[in-house]
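Single-letter residue listing:
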Amino acid sequence: MHWIFEFVVKNRSICSLVFTIVLSLWMISGSPEFQAKTARLLTVTIFYPLQVTFNNATHIKNIFSENRRLNQEVATLNTELSRLREMAAENERLRGLIGLSNEFTYSLIPVRVIARDPSAESKGIVVNAGRRDGVQMWMPLVGEKGIVGKVIQVMNGVSMVQLIKDPSNRTSIMSRRSRTVSILETENGNNFFFRCRSHEDVQVGDTIVTSGLGGIYPKGLDVGQVKRITDSQNPLFKRVWVELSVDFDHLEELFVMLLSPQWQSFRAEFDSLEFPK
Amino acid sequence: MLKNIFKWAGLFVLAFVLQTTLVPSISIFQFRPDLLMLVLFALALKAGVIPAVYIGFFLGLAQDLYSPSILGQNALSKTIAGFFAGLFNEKLVRIDPIFKAVLLLLMFLLNDSVYLIVQMVKTGGSMQGIGMELITATLPRALYSLLLGMIPILWENYSQATVRR
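In the order they appear, the protein sequences are chains A and B. Quick note: the first sequence uses the working numbering, first residue 346, plus one each step. Quick note: the second sequence uses the working numbering, first residue 1194, plus one each step.
No lab work stands behind these hints: they were computed from the structure. Watch out, some of these pointers could steer you wrong.
Stated by the list, open to error - Below 25 Å or equal to it, Euclidean Cα-Cα: the simulated SDA-like pairs (lysine to any residue) are: (1) B:Lys1315 <-> A:Thr383; (2) B:Lys1196 <-> B:Leu1285; (3) A:Lys382 <-> B:Leu1215; (4) A:Lys355 <-> B:Leu1285; (5) A:Lys382 <-> B:Gln1312; (6) B:Lys1239 <-> B:Pro1345; (7) B:Lys1239 <-> B:Glu1349; (8) A:Lys382 <-> B:Gln1256; (9) A:Lys468 <-> A:Val499; (10) A:Lys564 <-> A:Gln578; (11) B:Lys1284 <-> A:Ser358; (12) B:Lys1315 <-> A:Gly375; (13) A:Lys382 <-> B:Thr1316; (14) A:Lys355 <-> B:Lys1239; (15) A:Lys564 <-> A:Gly469; (16) A:Lys490 <-> A:Arg584; (17) B:Lys1315 <-> A:Leu370; (18) A:Lys382 <-> B:Ile1310; (19) B:Lys1196 <-> A:Ser358; (20) B:Lys1284 <-> A:Val354; (21) B:Lys1196 <-> A:Pro394; (22) B:Lys1284 <-> A:Ile359; (23) A:Lys490 <-> A:Arg457; (24) A:Lys490 <-> A:Pro606; (25) A:Lys583 <-> A:Asp551; (26) B:Lys1239 <-> A:Ile359; (27) A:Lys382 <-> B:Tyr1247; (28) A:Lys382 <-> B:Phe1251; (29) B:Lys1315 <-> A:Ile373; (30) B:Lys1200 <-> B:Leu1296; (31) B:Lys1315 <-> A:Ser376; (32) A:Lys382 <-> B:Leu1258; (33) B:Lys1200 <-> B:Leu1215; (34) B:Lys1239 <-> B:Leu1341; (35) B:Lys1284 <-> A:Lys583; (36) B:Lys1196 <-> B:Val1210; (37) A:Lys355 <-> B:Lys1284; (38) A:Lys382 <-> B:Tyr1351.
All chains should be modelled from the sequences, with the hints used to inform the complete structure.
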């Protein structure tokens, strides 16, 4: 037995050749069924694992390209998702506005804010409706939560709106509960207040609405809520601080109320007055 | 050792991939170079008989399994061709490029002769047919392969000469 081993080691080249030739001839000499069976066996035992390894190696390369593709897809889907979320939010806001338009008996023109005053106070906005849509000067603008401002300039397709937070703006208001009437003021466009006599019944939490006086805003539109009450320098008056219900930093869809100022009808009459010389 | 194994495995994989993808597009009159034979030839010259015999056997077996031929036919022919080329191991004998070219041609002829003989035995045929097949199919294929194979051979020869100088 030992000499066989020694012979094989000494003549390993010839032995390798003979071994492989014998193997090949054994396969060649087999019947077609035997060959098919052997081929299947070899494929499954030797070549299939190699093929799987090779496929896995190529699959790793595919993983990188797939990762790149998926990243692109994620970016695209994120953009789409953002767009759909935006649409959903807009839908929600529009639903609120539809509810609002049903509450009012006035005709309303839906408008969209297309520009805003770039200053820090942001006293005005521009909306996408103008003369051709029926918008006129002094028409009030309302949002889902209350009054926003009034039209101060009308062009053909757009209108400029003065917001009620403009310090030069004065709005006649009243307490819904106690009917105390006053003028809404602000010094900086952020903190709003009105003055009233000390004995007037105004409490924190009272809802403040438009009074209808002044002729521009109709009566009863939401303005805000009483936040706190402080003493004024004049002991006969007190200062009532109001938190506005409208968020002026996020104005998007609004309504122009097709409502001419109440004093419009008197105006011609006043103009026609002739004073004695 | 391990590095060599990976190098040769990589070469065979590359040759296999090129053989199935690029080579069909560079065929001339339906004659295609055989890159796998070229790599087997290179391996035989560099590594000797034993690796050439076993690699030739497995390479042929793989071809048998992936093509509808007689099982063992390619294994046998590639084994013998590998053995033949392996006898001229560069570690033992010094051979010039022209001799390498002749060797490569002989290797192709030997490989195809064995292949065709097996086919003749199994399916019937004549020796004349084998001769015709060797002249009309094997020789052009071998020459085309030789044309490609001479590029690395000459390059190797040139780089060795430069180093010697």
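CA of A:Lys382 to CA of B:Gln1312, is that 25 Å or under?
Distance of about 20 Å is within 25 Å: holds.
Agreement of A:Lys355 and B:Leu1285 with the hint, judged by alpha carbon distance not exceeding 25 Å
17 Å, holds
Taken at face value, is the distance from the CA of A:Gln578 to the CA of A:Lys564 at most 25 Å?
30 Å, violated
Holds or violated: are the alpha carbons of A:Lys382 and B:Thr1316 at most 25 Å from each other?
20 Å, holds
Are the Cα positions of B:Lys1239 and B:Leu1341 separated by 25 Å at most?
Holds: B:Lys1239 and B:Leu1341 sit about 18 Å apart, inside 25 Å.
Please verify whether A:Lys382 and B:Gln1256 have alpha carbons no more than 25 Å apart.
16 Å, holds
Does A:Pro394 sit within 25 Å of B:Lys1196, going by the straight-line distance between their CA atoms?
22 Å, holds
Decide if the proposed pair is consistent with the structure: B:Lys1200 and B:Leu1296, CA atoms, cutoff 25 Å inclusive.
Measuring from Cα to Cα gives roughly 23 Å; hence the hint holds.
Between B:Lys1315 and A:Ile373, is the straight-line Cα distance small enough, at 25 Å or below?
Roughly 8 Å separates the two Cα atoms, so the pair holds.
Take the C-alpha atoms of B:Lys1284 and A:Lys583, compute the straight-line distance between them, and say whether it is at most 25 Å.
111 Å, violated
Take the C-alpha atoms of A:Lys490 and A:Pro606, compute the straight-line distance between them, and say whether it is at most 25 Å.
22 Å, holds
Checking one constraint from the list: CA of A:Lys355 to CA of B:Lys1284, max 25 Å. Satisfied?
19 Å, holds
The structure fails hints 3, 10, 35, 38 (numbered hints given earlier, in ascending order).
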